[in-house]
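Asks: Okay, here's what each chain looks like letter by letter:
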Amino acid sequence: MSVSDPQLDPRGVRFAAALTTVVLAIVLLTGSGWLLAAQAVVFALAAFAGPRFAPYPLLFRTFVAPRLSPPTEREDAAPVRFSQLVGFVFALVGTIGYLTGLAALGVVATAFALVAAFLNAAFGFCLGCEMYALIHRFRTDRTTQGASA
Amino acid sequence: MDPIGLLVLVAALLLATAAGLLLRRRDGRIRRGAATGGWALAGAAPGAEDRVLLLQLSSPVCTPCRRTAELIDDLRARRPGVVHAEIDVAQRPDVARTLGVLRTPTVVAFDRAGAELLRLSGLPRRADLDAALDPVLGPR
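Keeping their order, the protein sequence lines are chains R and V. Be aware that the first sequence starts at 1, since it is given in full-length UniProt numbering, and climbs by one per residue. Be aware that the second sequence starts at 1, since it is given in full-length UniProt numbering, and climbs by one per residue.
Some clues are possibly wrong.
The following label-pair restraints were derived from C-beta to C-beta distances [claimed, not checked]: (1) R:Val22 / V:Pro135: 28 to 36 Å; (2) V:Gly138 / R:Pro55: 50 to 58 Å; (3) R:Pro55 / V:Ala44: 15 to 23 Å; (4) V:Arg25 / R:Thr62: 52 to 60 Å; (5) R:Arg74 / V:Ala44: 28 to 36 Å; (6) V:Arg29 / R:Thr72: 21 to 29 Å; (7) R:Phe48 / V:Ala40: 37 to 45 Å; (8) R:Arg74 / V:Ala45: 30 to 38 Å; (9) R:Pro71 / V:Gly138: 32 to 40 Å; (10) V:Leu137 / R:Ala104: 51 to 59 Å; (11) R:Leu102 / V:Ala19: 24 to 32 Å; (12) R:Ala38 / V:Ala19: 23 to 31 Å.
Calculated directly from the structure, the hints in this document are not laboratory data. Note that this is a predicted model, so its numbers are computed, not measured. Glycine included, C-beta positions come from ideal geometry on N, C-alpha and C.
Model the full assembly from the supplied sequences, consistent with the hints where possible.
Replies: Okay, here's the thing in structure tokens:
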């Protein structure tokens, strides 16, 4: 994750989360593995290339931002990229589930990604960011225990 | 239309709404804690004028953590006697464990002797934090 990422308009981040929520809801309703695969690509672009190269922020900048007042605050890109990476992992697992006939795996993974995107869109709450703290603590707990054993 | 998918969608949205409302209510709410040794955890000692240590536990990928640090900077500028120390839980998981902290940002306030005054998770509410520190910092 590059430190030189330009900062983001938080409203754009939530707009992208709202679109993600809608797409994932359609995936659940239709059971379409291919639509989920497309969403996985969207996640991957935001996570690996950076949010400014991803389609939803592009839509925001082109159609929404010009109608809004300039942003009063800005948000660092690194946390957003991390949450998109988490989304990518869930979407990838879900896609594999749907396309290999393991529909239950597809449904569960999609539901997790949907909850995270919805929490961000509706409450501005970044589940990926919270998980980072928890996961990291759990991982270091295990390594320290392993080292002292 | 996938009926199971529809069911899961409705359940996920209800669950997420409940969790979101709960988290929003909890965020910034001031709680009491009984930890000690705050200054040692921060690797610092109070100066002659220092009255309160605000020990902030953060993650590098956390936007509210950065907002919290800005808010505390503003508090320090307005009220002398406040020391701010920010710790990355990824680098110091021992501090998170000692203090029993699972979320970032969490701010734990300690008095001069290192005894915990209060703690809060999520972005602090400026007025609440100000008021909660009045007893140790004196009137504004």
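Asks: Against the structure, test the hints numbered earlier, and report the numbers of the ones violated in rising order.
Replies: The structure breaks hints 1, 3, 4; every other hint is satisfied.
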